[in-house]
Structures are given as structure tokens and as C-alpha cells.
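Since the structure of chain B is already known, use the hints to place chain G on it.
There are 2 protein chains.
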Amino acid sequence: MRPYLAPRSVVVIGAGQEPSSPGHRIAANARRAYTGDLAVVRPDGASIAGVPGYRSIRDVPFAVDLAVIAVPAAVAPLVIEECGQAGVHAVVVITAGFSEQGAASGTTDADLVAIAHRSGMRLLGPNCFGIIAPAVGLDATFSAVPPTTGGIAFGSQSGGIGLAVLAEATERGIGLSSFISLGNRADVSSNDLLCAWVDDPATDVILLYLESIGNPRQFLRIARHVASVKPIIVLKAGRSTSGRRGAASHTASLASDDAAVEALFEAAGVIRVDTLEEMLDLAQILAHQPAPAGPRLALIGNSGGPLILAADAAEAAGMQVPTLSEGLRSRILERVPRAAATSNPVDLLATVGPSEVADVVGIVASSGEVDAVVVASVGVRPHEDTNLDDALNGSEPAAQPVPVVISIAGIPARLSKRAVFRYSESAVRALSRAYGWTRWKERHAGAANDPATSEEPIDWLAVRRLVRSEAQACVDPNRWLSPDAGERILYAAGVHLAGSAIAGSESEMGECVARLLAETGQVVMKAIVPGLLHKTDAGGVILNIADTDSAVAAYRSFVERFPALTGVLVQEQVGAGVELLVGARQDPSAGPLVVVAAGGIEAELLADRVVRAAPLSVDQARSMVLSLHTAPRLTGFRGRPGVDVDAAALTVSRISRLVSAVPELVEFEINPLVVSATGACAVDARLRTDIGLNTVRPLRGN
Amino acid sequence: MRPYLAPRSVVVIGAGQEPSSPGHRIAANARRAYTGDLAVVRPDGASIAGVPGYRSIRDVPFAVDLAVIAVPAAVAPLVIEECGQAGVHAVVVITAGFSEQGAASGTTDADLVAIAHRSGMRLLGPNCFGIIAPAVGLDATFSAVPPTTGGIAFGSQSGGIGLAVLAEATERGIGLSSFISLGNRADVSSNDLLCAWVDDPATDVILLYLESIGNPRQFLRIARHVASVKPIIVLKAGRSTSGRRGAASHTASLASDDAAVEALFEAAGVIRVDTLEEMLDLAQILAHQPAPAGPRLALIGNSGGPLILAADAAEAAGMQVPTLSEGLRSRILERVPRAAATSNPVDLLATVGPSEVADVVGIVASSGEVDAVVVASVGVRPHEDTNLDDALNGSEPAAQPVPVVISIAGIPARLSKRAVFRYSESAVRALSRAYGWTRWKERHAGAANDPATSEEPIDWLAVRRLVRSEAQACVDPNRWLSPDAGERILYAAGVHLAGSAIAGSESEMGECVARLLAETGQVVMKAIVPGLLHKTDAGGVILNIADTDSAVAAYRSFVERFPALTGVLVQEQVGAGVELLVGARQDPSAGPLVVVAAGGIEAELLADRVVRAAPLSVDQARSMVLSLHTAPRLTGFRGRPGVDVDAAALTVSRISRLVSAVPELVEFEINPLVVSATGACAVDARLRTDIGLNTVRPLRGN
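Heads up: the protein sequence lines correspond to chains B and G, in order.
So the first sequence is numbered by this note's numbering: it starts at 1 and just counts up by one.
So the second sequence is numbered by this note's numbering: it starts at 1 and just counts up by one.
There may be inaccurate statements among the hints.
[Said to hold, decoys possible] Listed next, with one range per pair, are the computed distances between beta-carbon atoms:
| no. | chain 1 | residue 1 | chain 2 | residue 2 | range |
| --- | --- | --- | --- | --- | --- |
| 1 | B | Arg686 | G | Gly504 | 56 to 62 Å |
| 2 | G | Ala445 | B | Arg221 | 53 to 59 Å |
| 3 | B | Arg515 | G | Pro322 | 55 to 61 Å |
| 4 | B | Lys441 | G | Gly639 | 47 to 53 Å |
| 5 | B | Arg686 | G | Gly639 | 17 to 23 Å |
| 6 | G | Arg609 | B | Pro563 | 41 to 47 Å |
| 7 | B | Pro641 | G | Gly567 | 28 to 34 Å |
| 8 | G | Thr536 | B | Ala514 | 39 to 45 Å |
| 9 | B | Arg221 | G | Ala259 | 42 to 48 Å |
| 10 | G | Gly394 | B | Ala33 | 38 to 44 Å |
| 11 | B | Lys441 | G | Arg32 | 51 to 57 Å |
| 12 | B | Pro588 | G | Ala259 | 38 to 44 Å |
| 13 | B | Pro201 | G | Ser21 | 53 to 59 Å |
These are calculated hints, taken from the structure and not from any lab test.
C-beta: ideal position from N, C-alpha, C; glycine also.
Same shape as in the complex, but just chain B (with noise of 0.2 Å):
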């Protein structure tokens, strides 16, 4: 990945005369500060916008580190392959043309990559805009707006967002440490930027856009080492439907479920954002200033109307705005008008100066009382922001205890080098997505938190032959494995299930019965028909069986009342409980995933769940099985006694354990589990494996 962050020389191939032609103007922006070696190459070999110009990459006299290609994509494979030849150590593709408008030019992604590959170089796009690589002074894209250099690594999949980030980073006065133009991602993908820019000294903030995630469960893996070292701020698009339409032409990538790609993101400590703003805000505080550290913010401003705001900005964001200390108040009130409110919000009145507002900062940043200053202001006199800006800059110690955020409505923000807003709100929004960041970090340290060794160990392998022979002897052309095979799996992975027996006449159901009533009290019946849905609302369910008698009165009713019975499920009758939901699956998007959902006849009404990415440590099981509406079901209320929620943690950290241990556990669902004060109980299973259904195949690197 060097190549891409600091290229030591470069050639644009495919160079165009017209100074419009893309490859023209990335010969043009590489030539106004490049540091190293850079030449075009052009079937006349004539200099473009004064770079020196060749015939063929083989006719160019340096070594040549980075290739960028922008020729027609009929003639691009050729030209990859003379790369490799002449030694190449990576491509930029920004021809496009290949998979993106279904091979239109009769070439996959696939085949470029395979070319690359072939000399060993990694291919970045095709269909992408180009990198920047500030290290070396180098723009290679087409943008017409010069970036400006600091910490922020940015890498997006969309061209236009690309582009329109970097005019918008210039205005802000955000500097970049890297951009690189995805496109198409063949070979190079997000994941492989987050590995590069985790130890570019020059990174400190890295931004994606994302309309899809290649490999979720490496990026899951890649991320959560990344953003606990640095903040990952993402935009994902293509959350809704005409969304996924507009994806689906545009990059030819998968659409997501985006509760699951919201799962993968909390799981991976990712700070996502919702919009291009809130993504260039959020930016904007962090080129500059740390994360808050807690969510205590103190707003201080010339006039009520936008403090008001900010605080009912920072309540929704679920930040604190506290009232602060008498001494702390008196304080304040030395430098400023007796009239001044000081409980926080801090409203200075219009008529003090930017020296006081300064001052004043400068007293609750260093106070202790606060993780954050919000600067909430209005704009009374010219140059507000830069004299503010330049006050809070002269009058502040060295070492900033706190960010400090400065709004001023009504007047238009400019460069600075602190984050200078016009609305309040925005700032406020901006650290409270900042501080989520802070909370993670410190959710994710701690070895309560790391699933492989918060458990005992299970025993994986014995697992997964386990899922491999009994989805062989499988014969459901869906691969939903047999109920008995879903609980030996089950069992396996330490999961505890409710004993029952599957019986196909009367007289098998007889000994069945009379089998489990001799270990417990009392057994459900449950009618097998294929096809019918809700078992219980047609009567296929009877419950309290505690003799063989009411046993064959009722295997008689399931007779006459389901002309399509195939067989009777007698099972152990569980205790009364709370009945959960527990699912889990591998998804495309966002890898192996589980649910946890309130249970019961009201379940779908309730739509009450919870999505998680897998796997989960027993604590973070706990959490998410408390984070349902209906918890207070499972911990007790209104003096109902509480069950035993340990035990559903436990099951569920399990699952989550299973379905990322064992990638062709395709989809399964225990409904219910029933959480009694003794502990939980899984009373139906499905199982549904991929072998036999697709081959198995590695995933594709993203």
C-alpha cells in the first residue's frame, strides 16, 4: 500500500491533449508540487501541461513506483500488463467501463486484478479519481480545488463525493494526509486503507465513504484494531431502498440491511454519520482537537436563543449539559456582567468581547467540570469568528484540556484552526458522535469484552464436523437440517435444550410420552404439518400432558384437525418464563450477525429487538439482551420477580459464538427460549447450513 501514500515517482498513462481529459488534468494537478519523478506516457510521447512525455512505460527513465491509467478500456489490460512488465509496484485505474457497466468494454474487474497480480502489483479502481498523497506534495487526481495537508486520511467510493469532500475540506480548513478514490475497489479496498493509514504517523482522523462492505467480517476485525487507536468516521450510503437502486447501478455492489450494517459498525467502534455534513463537522473537530472524554458540555454564548438550542441539541444527543460548581460561577462573574447567566448555559450577554468570551472558556475548559466547550454564540460584530478565534487562540494554555467548539450564527464560518460552526446545534451533534467514540474505547477495553476468553472454551472443531456430517445426511433442498440434528449441533456448542422426541403414530408417540414423563412432570405435544406457520393460534400446540391418556386424546385431535400431519413433537414442558427470540445468520453485508427479540404470542407486535455483530462476550450478551424494551420483563417489574438472566446471556453469547465460528451455520433461530429463574431453556430450534447448497467459497478480500 506505500505506493498509494507516498508514491516515490509517477507516470500518468493516457495523458489526453485536451486540457478537460482527465488524464490531463492529473498530469497538470501531480506536476504543481510533486516531489518525486513524474512523466506521461501518450502514443506520440509528447509532454502534457509540461510533464515530460514518452511513447511507453518502458521508454520512461526512472523507475516508476506508481502507474495512473486513464486510457480508453479496451487498451487497458494491455497497458496493466506493460506495467507489470516494466516493473510497476502499483496501478490507479481510472478508466471505467468493467464491471460497474457490466463489462461494457468485454473486461471483468476480476481480469484487471488478475493481470496485476500476475507481476505482483496491487490495482486500485478501476472507475476511481485518483489519489493524493500529501507526504510527497502529490495530487493525482482531477479535482480542481488544491488540497490542503494534515491529518485527515480520507477514502471514498464515490468519485463525486470524493471530489466534493475535497473542495469542502479546503473551505474548512480541514488538511488531508491521504485520499484515495476507491472506485470500483477490484483489489484494493477499504480494509486495506484502514491497515495502511492505522500506522501512518501523518493520519490522525480517517474518514470512508461506503455504499457496501466487501469482507464485513475482516473489516470488523481490521476496524476494531484501527478505532481503538484512532477515530473511523463513516458515511454509509444506500440505507433505503431506491438508495440500494441507485448503488446497485452505480458501483454494481450488494445491497445492505442496515440494522445489521449498524450492528457491524458498533461492534467495530466505527463512528458513523448519517450525512455528508455531519461527516465534514464531525471532521473538522477532530483535525484539531481530541474526542470529549466524557459528555459533560458547557455552552457558552452572547445571547439565550442559540445557548437554548445547543442545549436541547446536546439532551437529544444524549450529552449532559450541568449545572456548574458556585466557585466556578464566581469566577466567571470576575471577568464578566453581574446580568450574566453562569449556571449553563453560560449566557455572557451581547455586550462583552472576544477577550472575555476567551477568558471565560479558558476558566470552565481548565475547571474539570466539563468535557467540552461549546461556544454558542451570535454574531453582533464584523469578524466575530476570527477575533473570537484568534482570542480563544492566544488566551488558552498550552495543552487544551477539552475541545473547544465555536459556533457563531448569522455570520458565515471561515478557515480557522479550530472548528468554527454556524449553528450550534451542528457542533453539538458533531462531539456528541465524537464522545460515542470515547464510550466505545472504553466498552472495548477489558477482557469482559473479548468473546474468545470471557467463556470456557468450546470445542470448535468437533463442531464443525458435527455441522459438516449432519448436513450431509441432510435431504431438505433449503438445508434446514432435522430438528434432532439442529440440538446434537446445539448441544455441542453448550447450548441447553428442551428434551423432546419426534413420533410418526400413535404408538411411537405412547413410548415417547411415557419416556419424558418419566424425567419430568409434564410434556407439550406440538403437531408436525408441514407448511403451517403459527402452530399455536390453529390448535396444533397442547400443553400440561401429564398422563398417556391425555396424551392419545390429544394425538387424536391433531389427526382429525390436520389432514396433513406428518408426526407429533413431544417435548419436556419448560417451566413458566420470559420467551426470547435468538437468531443468527451470516449476513452478506455485515457478517455474522444475532438477534435477540421479546418472544411470545405479542412478539411481531411488539417488534422489539435488539441486532448484534458476533461474535459477543457473555457481558456484551448481557447488555444486549437488557437493551430490549421489554428487559423489564427479564430483570422484574411491578414487583414481579426477575429470571435468570445470566443464563439467557450465556446462551446467547454462545450462539453468537457458533455462528462466527462456524461460517456455514447459514441461518438459525431458537424460538422460544424460555428464561426461567433457573435458568434458560431452548425449546425450538432451526438450523439451515450452505453445504450441498452453494460450494463454499472463501470471500472475497474487500
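Below, chain G without anything else, positioned relative to chain B:
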């Protein structure tokens, strides 16, 4: 109110020599373009900023329509008095230091109003920032930015927000028809502004920044009328605890419960925005274009990323991005490259120029397939916004069928006749808010939504008399009426109640049970124990009593269990049904409200409730009840039959009319209302009056 919209002559009283003093700046601003007679009054009678000066209002040689008062607080009462004597029609009091500072000057807001009203003058302020009346070229504020003339009327309860909006309106090309800084709203209120602006032909759109609503009953009545004519955009600050702390010290106004305010705005047809930015975004659209008539958006651009973000924002905001018809798609493809994506989002690719974009916008906007067009593009060339705006203005038909909003990522938004945004998400969000107003107008039209005519009349006079007599008989210090009295009042308002009686002894209890059993099949017995909260949990409710023996046994168990037992409620046992809680109250910040919540044992846990402003028609009450998350309990789910939703709606409507018609009923609750297949029956009701608690005063005008 006319002197505030178009004063014929203006005097500024208290203009200082110092150019930075408020009075001086107001005089200077007024002089710039005011078409009427203008003077200043100061002790020395000197001219200020070129405006002729006089020693007293009596010396001014023309009849004074409006006096702007910026004198010290101590002399303000005298100055107002003199204005009245001199025949001034209305005053604007800039001076602060009255009720908002605990009447620091020794004078309250009410004192000032009393003086003004004695001479028949209206009073704006005190503690305000002035007015702008573009109809007569008057800027009587101390804003640094000269306003532009246009169709937006803006009233602000915060001077700072006023200043900020004035500055930004100019920057965004939003012109004003009127600006009024409300200050402490001692006399002139936002309700007065609404009444004035609805008939003002220069005003197309109304903007309000409010921190509280003084007279919510009147606001509802007035705003509902105005909103059916012109859009009212309200930014209501002070949602949060700390925000209200700010509001309290800022304008001494009462805090609001935000759900109550939300209900009021929903009923009034107000477009509520969450942030200052959203208010300006929406004003920018509605200043020049109509609100969308439906939810269907076309998204057109030159790059996939911003289009996908716009589509995500559209669905998140409840708008639709429909696939365009084949016919329309072919017409688009006649103008642009074949590789363009045309399904919607419409991605015309980076090579298209402003004229092609304008052509496509024209085709799509007039197709009848969408209700608004959002151009979500990236600035790839200089002056893209201006060029695109010019092209659109040049190409479109005179009567534009649907609103068209432009967003261009990466370049600053500039002045434009049409709304030009930087972020497509903001444009989409603003359109969705505007469409919310369209939807409200549709719902609001028609007799089905008029509570007064949609149902048979209730004899409110009789109900009010009953409330008064029951309240006079009430002995509870908190003014909760006896169950019996509450029952009579609800019965008079047409609410069906379960039959019940209270017994103080075993023998009384026996009689009650015998009587009720004769009428109904079974009774319930409830222990009456002062201070006992969750009766059911404590064993204080016994069901299914069908004979007097069981009744005696139940009574004795209560005596044993509850030493503090004061009596027993014997009640007709209402058949099985869905339990709802129906409450109502007079909210000081939002007026009469009705609340419907899911009932039953898990009510608190589900926290499923809806709040609406009263009164409601039966249709409105039905839609309120059906908007509960647990509404499927009422309509039937998973094979369970539904219950009598109409009966529930009728009850809710009557309760809403009761709280609306009888302000003396300050709080009441039916818990539960049991809704069965054959009707809705209130089982338990509590009513509280304020008669005898406070003197009943007419609400102060807002």
C-alpha cells in the same frame, strides 16, 4: 397591529450620541430607506445620524404612528405615558430590565402594558430588538445587515436568533415582508403576529422562533386557521431540561413538556423544525416555490454518491423515490448519454452540462410522475450553481408544476432565486417538512375532522354545572373528586362506565354485591387502601365473584391483608377486552390534551402512548388510537379477533371534548378503558378540578 407592519411615521426615543448605542443604530438604520416621517427624541433635542431631533415627543411636528423606545429602564414608564398623551398609536420598547430580570428597575412588564393600554396603545417588547417593515422601507432594528424585501414574515422571541436569521436570510437570498422581535411579549404576542400576517398580502410564509406559548388555546385556534392559508414554520426551543434552564433565565417564560407542544403543533398544522438550519432551509424553499403536493421525489444529478445519500434521506424522512415510467425514461435518454441511469435516482454522469440537466429537470418536473425534483449534483466546474440555476430558470415553463431544489456538493451555496443547497440531504429533509404541511391541510379539510360537528351534541352547560357542584362538595385538598362524582360527570359527557358501588362495611358490601349481581353476572372487588399504588400486585383486586359467599370471603381477606383498609369498591365485572388508559389534562404550555396509552399489567413497560391536542373528532380519535404500536391488539392479529375500535374512538373523542369544553377539569384518567367486541367501558376514573384550589382566572393573552 398595522403600525408594526407599515408605520406611517416613526420616532426613536433615546437615541444616543455614541454610534454603537442601540437607539443610535436604530435611527441610522431607519434613516436608510424609510419612506415615512422620522425623528429622534433626546434630552438635548440634537439630531442623530442625520435624523432631526426634538426634546420631547410633544415637540415632534408630525402625528406619530410608532415610537421606538430605547431609554433607560427607570424612565421608560414616563416615556410610554408621554407617548400615549401625544397620541402615538403603538410603541416598541427596546429597553430591558423589567420582568426578565426580576423587574430590576422596580417596574414589571405588566406595569408598562397597563400604561400603554390606558392610552389605547399596543406595546411590543420590552427587551426586544425592534421591527423591520419593508412595505415602508423601515429597518428599526440595530442589525448590521440591511434586509432584502420578500415574502417571509419572521417573529422571534430571541433577539440573538433574530439577528442571526436576518443576516442569514440576506445571505441565502430570502427576502422579508416583516420582522418583529417579540422580546418579553408583554402585550403583542405571536398570536397577534399570526392574525396580522394572515391578511398581509406581502407575506407568503411565516417563521416563528418561540421559547414558550403564552396562550396555547388561542394559539391552536388562530394557527389552525392561518396554517390552512399560509405555511407557519416554528422553531420551538427549550425542549431539554438545561435548555429550559436557559429559557427561564432568558425570558422568564414557563417551560413546556415537549410531547405536549408536539401535540399542539400537530393539531395546529404548524411545520415544526428542529434546528435553526432546518428553519432557514425550509424558508429558502418556500420563499420561492410551493410545497410539494405529494411525497414522490425525482432525484437528478451528475454523480451516484450524492444521489444515493439523497435517496437515503428521502426514505428516512418518509418521502418516496418512485421508479420512473419507461416512457419518461426514454424521453430522458433522448437528451443525455446512453450510460445514464434513469430509473430514479437519475444519474446523468459527470460529463453532462447545466443545459442538459435543466432539460431533464424540465421533462421530469412536468411529467406528473413526481411531486418535487431534487437536483443532487457535485460541482465539477466553476460557477456550476449559477450556471445550473440560470439554465433552470431559462428552460422551465412559466407556471412551474412542482418545486425544484438544487443541491451542489463541494461548492458554496450562493444567492439565488431558486433554493440552492450544499447538501442534498438537507434539501430532501426540507421538502419532506413542507410536504408534512400539505398532508396536514388534506387531513384538516372536511367535516370529519371538526370535533364540534362530527358527533351528536353534548349539553356542556349541564356538564359544567355538574362539575361546579361536585367540586364544591369535594373535600380532598388536592381536589380529586370522589369516584362517584367523577362517574356522574363522565356519564353526563356520554362516557359508558362499569356499574359500581363503594361499601364501608361487610354488611354494606353484601347489599352492593347482591344488587350488582342482579344486574350483571359477575363482580370484581377492589380494596380501598389510601396510598396503595399497584392494587393488583398487592392482592387488592379479586375477580370473578358470582355469589355473596365468595364476596364475604374476599372482604375478609382484604381486612386481614390491609390494616389501612377504608372500604371496598364493588364493580360490574367487564368482560375480557383490550385495556387502554385514557387521560386528559389542561397543560399550561400546550392547552387541553388527551393521552391514550396501552393498558394492562405491562403498560409502564411498553410505554406505548400517544398525545394529542383536544378536542378531537371521532375520526381523529380513531386514528389516534390506531397509531398506538399495540393497535393490532385492537384490530386483531394472528387470528385473534379485533374489538370495537369505534367505541374506543367515541370515548376518546368525548373525553377530548370534555377537557376542551370544561377548563375547570384540570386532570383526569380512565384506567382501564376496557374495549371488547361489543363496546368500550370505563372501569376506573379519577377527575381533578381546580375549583377551590386556585381562583379560576381567564388565561393571560399570548
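Hint-by-hint comparison with the structure:
1. Arg686/B - Gly504/G: 56 to 62 Å: holds, 59 Å
2. Ala445/G - Arg221/B: 53 to 59 Å: Given range 53 to 59 Å: holds, Cβ gap about 57 Å.
3. Arg515/B - Pro322/G: 55 to 61 Å: Given a distance of about 60 Å, which is inside 55 to 61 Å, the answer is holds.
4. Lys441/B - Gly639/G: 47 to 53 Å: With a Cβ separation near 49 Å, Lys441/B and Gly639/G satisfy 47 to 53 Å, so the hint holds.
5. Arg686/B - Gly639/G: 17 to 23 Å: Since Arg686/B and Gly639/G have Cβ atoms about 22 Å apart, the given range 17 to 23 Å holds.
6. Arg609/G - Pro563/B: 41 to 47 Å: Check passed, 46 Å falls within 41 to 47 Å.
7. Pro641/B - Gly567/G: 28 to 34 Å: Given range 28 to 34 Å: holds, Cβ gap about 31 Å.
8. Thr536/G - Ala514/B: 39 to 45 Å: Given a distance of about 41 Å, which is inside 39 to 45 Å, the answer is holds.
9. Arg221/B - Ala259/G: 42 to 48 Å: holds, 43 Å
10. Gly394/G - Ala33/B: 38 to 44 Å: holds, 40 Å
11. Lys441/B - Arg32/G: 51 to 57 Å: holds, 56 Å
12. Pro588/B - Ala259/G: 38 to 44 Å: holds, 40 Å
13. Pro201/B - Ser21/G: 53 to 59 Å: holds, 55 Å
When held up to the earlier numbered hints, the structure conflicts with none and fits them all.
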